[in-house]
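> Heads up, the sequence shown is in this note's numbering, so the first residue is 4 and it goes up one at a time.
To be clear, the hints were calculated from the coordinates, so they are not data collected in a lab. Honestly, I wouldn't trust all of these hints.
As the list claims (entries may be wrong) - Derived pair list, reagent style DSSO-like, types lysine-lysine, alpha-carbon separation capped at 27 Å: (1) K270 <-> K150; (2) K99 <-> K150; (3) K200 <-> K188; (4) K246 <-> K221; (5) K99 <-> K200; (6) K161 <-> K188; (7) K198 <-> K188; (8) K99 <-> K221; (9) K251 <-> K76; (10) K173 <-> K196; (11) K198 <-> K79; (12) K246 <-> K76; (13) K188 <-> K207; (14) K196 <-> K161; (15) K187 <-> K207; (16) K251 <-> K161; (17) K221 <-> K270; (18) K79 <-> K99; (19) K150 <-> K251; (20) K251 <-> K79; (21) K150 <-> K246; (22) K221 <-> K196; (23) K196 <-> K270; (24) K198 <-> K221; (25) K207 <-> K173; (26) K221 <-> K207; (27) K188 <-> K76; (28) K118 <-> K76; (29) K251 <-> K118.
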Amino acid sequence: MGQNQYLIIGGSGEAGQSAIQAIRTSDPNAFIITSTTTNEPVSNANLTLFGKRAEPGLTNSILEDFEKHGRPKQIKALIYTPALGEVGFPIEESTKEQINNTLGICLDPMVSLEKEFAPELTVAYSAFYWLSHTLAFYGSMGIAKYKADLWAIENPSKRRIVRAGTFFSKSVRGISIVLQRTMKKTNHPDLLKLKNKFESSNEKFMDFFLSYAWEHEKESFQSQFGTAYRPTVREDLTRGLVKALQTKSPIVTVLGDWTWEETGMPKLPNWFQQF
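Using the sequences and the accompanying hints, generate a full structural model.
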């Protein structure tokens, strides 16, 4: 058996680095190719493809680099990490344009790569987009995560979602910056509640935002587990991907110490169906 080849889109972020760790654990001889938007090599990868953005031309650009480096097109798994989109308002208020822009980053390039490279497995990352606090501010990102869940469940033998609790990352920092701005001019009851809580907290917004998310996660899931809740960290994402590479379930969820698998959609408000 030759060396398995893996492609990670977005290797330098928290999800990308945790994915590299997971692959090294489960397949020590793996050849890991990773893309980055920068011109800095990604640590622990065998080959970095530079200047790659999650946008319509991504597949062709990666194909060209594969040829340039003389790499075969066979891929054991494609791991897709980009998560950027319009946030800071209720998911339900997402416009068609906002949704299309977000899908153009978070989902469409992955579907195109999956079609072109036909990996044995394609893995995307998701979140608890249906909890009350997330419904209020996750914007069109919520629709992208919803569509990714549907995508995985449609073909569970070839697709996986790693759903993770809130952890500190560049994209969470981005969400918190936007949210702080929109909160100043909102009339939305859930966002007003968030604003009042923040104003009486004496915390930096990023710290406040993380503990606010963690509090909601704990409230939603603690009763199902005997061990205490703790916030999610990079190592938990690693555990999630190791599991996703081995299991037959389309969705693997990691929340702190807790891990569970799902084979269907979460229980969502009915209005999601209009998207």
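> For which of the previously enumerated hints does the structure constitute a violation, in increasing order of number?
5, 6, 8, 11, 14, 18 and 27
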